[in-house]
Structure formats: C-alpha cells, structure tokens
Amino acid sequence: MEFEEVFSSKSRMKILKLINQLGQLNVSDVTRRLKLNFTSTSEHLKVLESEGILQERTYGRVRMYRFSETAKAKAVVVLIEAWEKQQPAGNEI
Amino acid sequence: MHLFKNIILTKKQYSLLRNAVVPRQSVFKDESKLDINYIPQKLPHREAQQRLLMEFFNFILRCPEKMAQRVILTGDVGTGKTALAQHFGAEISSEANKRSIKFRYVHVNCREFRGALSPILHRAVTAFRPNYPARGYGAEEILGSLMQVLDEENAHMILTLDEFDSLIEKEGSDAVYKLTRLQEMRQGKPQRLSFIFIMRDLKAIEPLDESAKSTLQRSIIRLERYGKPQLVDILNDRVAMAFELGAVPEDVVDLISELAYTETGNARFGIELLWRAGKYADASDAGSVEAECVRNAVSAIVPSLRRSELASLGLHQKLFLLAVARYFKENKDAYASMGEVEKAYAVVCEEYEETPNSHTQLYNYVQYLSKLGVIKAEIGTAETRGRTNRISLPTIPAVELEREMSESLKQEKSGAA
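Those protein sequence lines, which keep their order, are chains W and S. Under the working numbering, think of the first position of the first sequence as 3, with each following residue one higher. Under the working numbering, think of the first position of the second sequence as 4, with each following residue one higher.
If you are wondering where the hints come from, they were derived from the structure by calculation, not from laboratory data. Wrong hints could be hidden among the right ones.
Stated by the list, open to error - Computed far set for chain W versus chain S, every beta-carbon distance over 12 angstroms: (1) F9; (2) G25; (3) L38; (4) R59; (5) G62; (6) T72; (7) A75; (8) W85; (9) K87.
Claimed, not checked - Which residues of chain W face chain S? A few of them, derived with a C-beta cut under 10 angstroms, are: (10) L24; (11) Q26; (12) L27; (13) N28; (14) D31; (15) Q57; (16) T60; (17) Y61; (18) M66; (19) K76; (20) V79.
Note that beta-carbon positions come from the ideal geometry of N, C-alpha and C, so glycine has one too.
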C-alpha cells in the first residue's frame with residue numbers, strides 16, 4: 003500500500019494514537035474505545051499489521067495488537083509523540 | 004446575637020459547632036498510618052517468619068528459572084498474614100530489581116472475586132498486559148496467557164492468593180491442581196510462577212482431593228496469635244507514626260492492647276480501636292486519647308464484622324443478613340430457627356423489590372455467613388420433627404448489623420441505578 007493511502011484514514015490514525023497511548027489492545031477494546039465498527043477496526047488493524055507498523059500477539063483466543071519493532075513502526079511512534087507534544091503551539095519547528 | 008439567646012445547646016452540639024468554626028488541634032499526625040491497607044516499614048515480632056519466607060523464595064534472586072515454590076501462610080485474624088506477605092513482596096521486588104531480574108509480586112484477595120479463578124488470574128496477567136480483556140475467557144486460557152506473557156517478558160512472578168479458602172470453596176480441587184501442577188505441563192521450560200497461599204485455617208484444604216492437597220502441604224508458615232506485650236510493641240510503633248507526640252498515654256496503649264489480646268490477639272482490631280479512639284478524642288476536643296475515648300470506641304466497634312467482607316457479599320446475602328439483624332432486633336430470643344429467618348427475609352425482599360431465593364440457596368448463605376463468623380449456625384432439633392438450623396448472632400449487636408446492611412444495600416441499589 004502507498005504511504006499516502008496508509009495514512010489517509012482518520013480511523014487508522016486514531017487506532018495508532020490509541021495503541022501508542024495504551025501499549026497493547028485487542029480488537030474489541032479498540033472498537034469500544036474508539037466507537038468504531040468491529041469489522042472495519044479489524045480490517046484497519048490488518049492493514050497496519052501488513053505494513054509492518056503493528057504486530058499481532060496471540061494468547062490463546064486473545065489477539066492483541068501493539069507496535070512492532072520495525073523502522074516504520076518506530077518512525078510512526080516518533081511522529082505521533084512529536085505531534086502530541088506540539089499540539090498546543092501547533093506551529094513550532 | 005439576640006437571635007441565639009434562647010438556644011440551649013447540648014454538649015455534643017456545642018462541640019460540633021465549635022469544631023466547625025474554630026480550627027482545632029487534632030491528636031493525629033498522619034492517620035493514614037492506621038489504615039487497614041497500610042503496610043509498615045517493619046513488622047514487629049514477625050522477623051523470624053519474614054526470614055523464613057525469604058529463605059523459601061531466595062532462589063528467585065539466585066536461579067529464578069530453576070525452581071518454583073508454593074508456601075502456605077496461616078494464622079488467625081489479625082496475626083499479620085497479609086501484612087507479612089505484602090512486606091515480603093516489596094522486599095523481594097526491590098532485591099530482584101537491584102539484580103536486574105524481571106520480577107513481579109502480585110497480591111490478590113480471592114474473596115474480592117468471590118473465589119472465582121478467572122478474575123484472579125486476570126489480575127495477575129494485567130501486571131504485564133494492563134489491557135488484557137477482562138471477560139469472555141476461561142481460567143485455563145488466562146493461565147496459559149499468563150505463562151506466555153511471563154515467557155515473553157522473561158519474567159518471574161509470586162502470586163499471593165489471600166483468603167485462599169474462598170477459592171477452594173468456589174472452584175474446588177481442579178483449580179488448585181491446575182495452579183500447583185502448572186509446571187508439569189511445561190516440561191523443559193523455565194519455571195516462572197510461584198505461589199503464596201494465605202488462609203486462616205488449614206482445615207480449609209481438607210475438602211480437596213488427596214493429589215491437590217499433597218501439592219499444597221509442603222511449606223507452611225504458621226503465625227501464632229500475638230501476646231499482650233507484642234501487641235503493645237505493635238501499637239506503640241503505630242502510635243509513633245500516626246499520632247502527635249504525647250497524644251496517646253502509655254496506659255491507653257496498654258488498655259487497647261489488653262482489649263486486642265482478649266479479641267484473640269487481633270492486631271488489626273487493636274489498630275482500628277486506636278484509630279477510632281483518636282477520632283473520639285478529636286470529636287470531644289480532648290487533646291489526647293483518654294481511656295474514655297477507648298471505651299467509647301469499643302462500644303462502637305464491631306470486631307467480628309469486617310467491612311471489606313461485608314462489601315464483597317452478594318445482594319441476596321446482604322438481604323438475608325439484614326433479615327437476620329431485624330429478627331434479632333425485634334425479638335429478644337437468643338436463637339432463631341431457619342423458618343423464622345426465612346419469613347423475615349421474605350419481608351425484606353418485598354421491601355427491596357427482589358424475588359426471594361430458594362430455601363437451598365438460603366441454607367448456603369447460612370453456611371457461608373457462619374464460616375465468615377458473622378452469624379452462628381448450629382443444628383438444633385425442632386420441637387415437632389426433623390432437624391433445623393438454629394441461627395444466632397453472638398458477637399455483633401443487631402442494631403449495628405442492621406445499620407451496616409441497610410447502608411450497604413442503599414449504596415448497592417443506588418450504584419445499580
């Protein structure tokens with residue numbers, strides 16, 4: 003998937019922000035917290051996993067997503083954290 | 004001022020009014036040190052047991068993957084079982100940290116979850132995976148997840164199951180077997196999970212089958228009741244931490260120790276009494292805790308009734324207990340038959356708009372509540388035929404119990420609404 007396509011979805015960005023904030027979550031938890039639809043949440047998570055940004059951990063029937071160790075994932079974390087930190091001022095460099 | 008010239012205040016009203024307008028000196032320096040959950044830096048007269056516990060578990064600091072341990076801590080109410088375990092937990096965690104060993108001490112009160120294994124294990128998993136789903140998974144699955152998480156993190160855990168008897172009662176031998184034989188299912192893998200089981204009476208494990216029992220009874224630490232001089236030491240420690248200098252005279256500590264000693268050497272009772280006496284001292288503006296404050300506190304305290312236990316009761320257990328309290332409040336009899344209490348329970352259920360539970364269920368409540376020591380149940384012979392339970396309320400004033408239960412039910416109902 004192209005870079006712009008991965009980041010073009012508001013829901014996907016919200017998912018990334020949430021997982022960055024809470025560490026590790028399962029699909030139902032993401033769905034509930036973001037008030038999204040289960041199927042589309044599941045699809046977004048699959049996209050982010052296939053792009054190597056998230057990784058899935060399976061504990062029996064429990065499937066939890068967290069950031070993977072790839073360079074892409076690390077870059078996304080840096081981006082989110084920089085963005086969150088800069089939020090109030092907005093235009094500082 | 005003329006507005007108030009005809010108002011005559013009682014001593015209590017005057018004291019309340021004065022406290023509201025005039026800043027007063029409290030006898031307390033830090034009353035949180037008398038909180039039931041506070042774990043002091045040192046535990047007087049439990050040093051030997053603490054050393055023993057460390058001996059049992061010091062493999063965690065040397066070769067954590069080679070061993071797992073199971074220890075039973077047993078002793079009467081207020082003998083320091085929970086405090087000892089938590090104190091030890093903090094100590095071993097800090098030692099492990101110094102040695103860069105990934106280790107967690109997790110303390111769970113089984114009664115808080117009414118003895119159900121799944122939420123207890125869930126609590127342990129969330130030490131590492133705080134968002135692990137709370138519902139929808141069985142105990143075996145969660146236990147599997149716990150071991151997987153510990154492997155992933157290369158971590159070790161001591162899981163303390165406080166009030167373990169409630170787990171035995173609810174889940175029986177299978178659950179105990181699952182926990183204690185865990186490592187056998189993981190042949191060749193590193194050992195990760197050790198246990199401390201806390202229970203008042205070893206008799207609690209009697210109903211278990213032989214194989215489950217044998218896996219438990221290896222290392223047992225018994226905490227004997229505190230003697231009076233020991234209680235004096237414990238209370239003096241707390242006085243120094245919680246009260247202003249000189250606020251609690253020596254003879255008052257002695258009096259409280261004596262009272263706690265007669266209450267089966269229950270240190271928790273003594274500490275609660277100390278706190279309450281301090282409250283009476285503040286309310287009457289006494290400036291120091293006098294013997295009269297202790298006497299007032301004693302008459303208000305309900306030793307056998309622990310609020311944490313009451314809070315964990317189910318709705319119908321509370322309704323049933325309220326019915327028992329009302330029966331004894333309205334009747335002068337020392338004993339009530341099961342039938343009489345059932346009638347009172349039906350009335351209470353009507354009042355709270357609940358459908359009464361069956362006789363068998365009520366019988367279970369009687370067994371449970373008498374095990375908790377709130378009521379006493381014995382088999383009596385009915386005058387007509389058959390056998391019936393004779394229920395009595397030996398230690399708690401019916402009025403107190405009624406008040407406690409009504410308040411608790413009110414909270415539960417408003418919480419549900």
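Right, here's what the structure says about each hint:
1. Non-interface call for W/F9 relative to chain S: holds, since the shortest CB-CB distance, roughly 24 angstroms, exceeds 12 angstroms.
2. W/G25, annotated as away from the interface, has a beta carbon of chain S within 12 angstroms; the closest lies near 7 angstroms.
3. Its beta-carbon lying about 16 angstroms from the closest one in chain S, W/L38 satisfies the requirement of being farther than 12 angstroms from that chain.
4. With 12 angstroms as the threshold on Cβ separation, the claim that W/R59 sits away from chain S is violated: the shortest Cβ distance comes to roughly 8 angstroms.
5. In this structure W/G62 is not separated from chain S by more than 12 angstroms, as the shortest Cβ-Cβ distance comes to only about 4 angstroms.
6. Its beta-carbon lying about 18 angstroms from the closest one in chain S, W/T72 satisfies the requirement of being farther than 12 angstroms from that chain.
7. At roughly 17 angstroms, the least C-beta separation between W/A75 and chain S is larger than 12 angstroms, which holds for a residue marked as non-interface.
8. Non-interface call for W/W85 relative to chain S: holds, since the shortest CB-CB distance, roughly 23 angstroms, exceeds 12 angstroms.
9. For W/K87, the shortest C-beta to C-beta distance to chain S comes to about 23 angstroms, beyond the 12 angstroms cut-off, and the non-interface label holds.
10. Satisfaction of the interface hint for W/L24 is found here, the shortest Cβ-Cβ separation to chain S being roughly 6 angstroms, below the 10 angstroms cut-off.
11. Because the closest C-beta pair between W/Q26 and chain S is about 6 angstroms apart, less than 10 angstroms, the hint holds.
12. At its closest, the beta carbon of W/L27 sits 5 angstroms from a beta carbon of chain S; the interface hint therefore holds under the 10 angstroms criterion.
13. Checking W/N28 against chain S by beta carbon gives a least distance of about 6 angstroms; that is within 10 angstroms, so the hint holds.
14. Here the hint on W/D31 is kept, as its CB sits about 6 angstroms from the closest CB of chain S, short of 10 angstroms.
15. Checking W/Q57 against chain S: minimum C-beta separation of about 12 angstroms lies over 10 angstroms; hint violated.
16. Taken as an interface hint, W/T60 checks out: its beta carbon lies about 9 angstroms from the nearest beta carbon of chain S, inside 10 angstroms.
17. At its closest, the beta carbon of W/Y61 sits 4 angstroms from a beta carbon of chain S; the interface hint therefore holds under the 10 angstroms criterion.
18. The interface hint given for W/M66 holds, since its Cβ lies 7 angstroms from the closest Cβ of chain S, which is under the 10 angstroms cut-off.
19. The restraint placing W/K76 at the interface with chain S is violated, with a minimum CB-CB distance near 19 angstroms, outside the 10 angstroms limit.
20. About 17 angstroms separates the beta-carbon of W/V79 from the nearest beta-carbon of chain S, more than 10 angstroms, and the hint is not met.
The structure shown violates the earlier hints numbered 2, 4, 5, 15, 19, 20.
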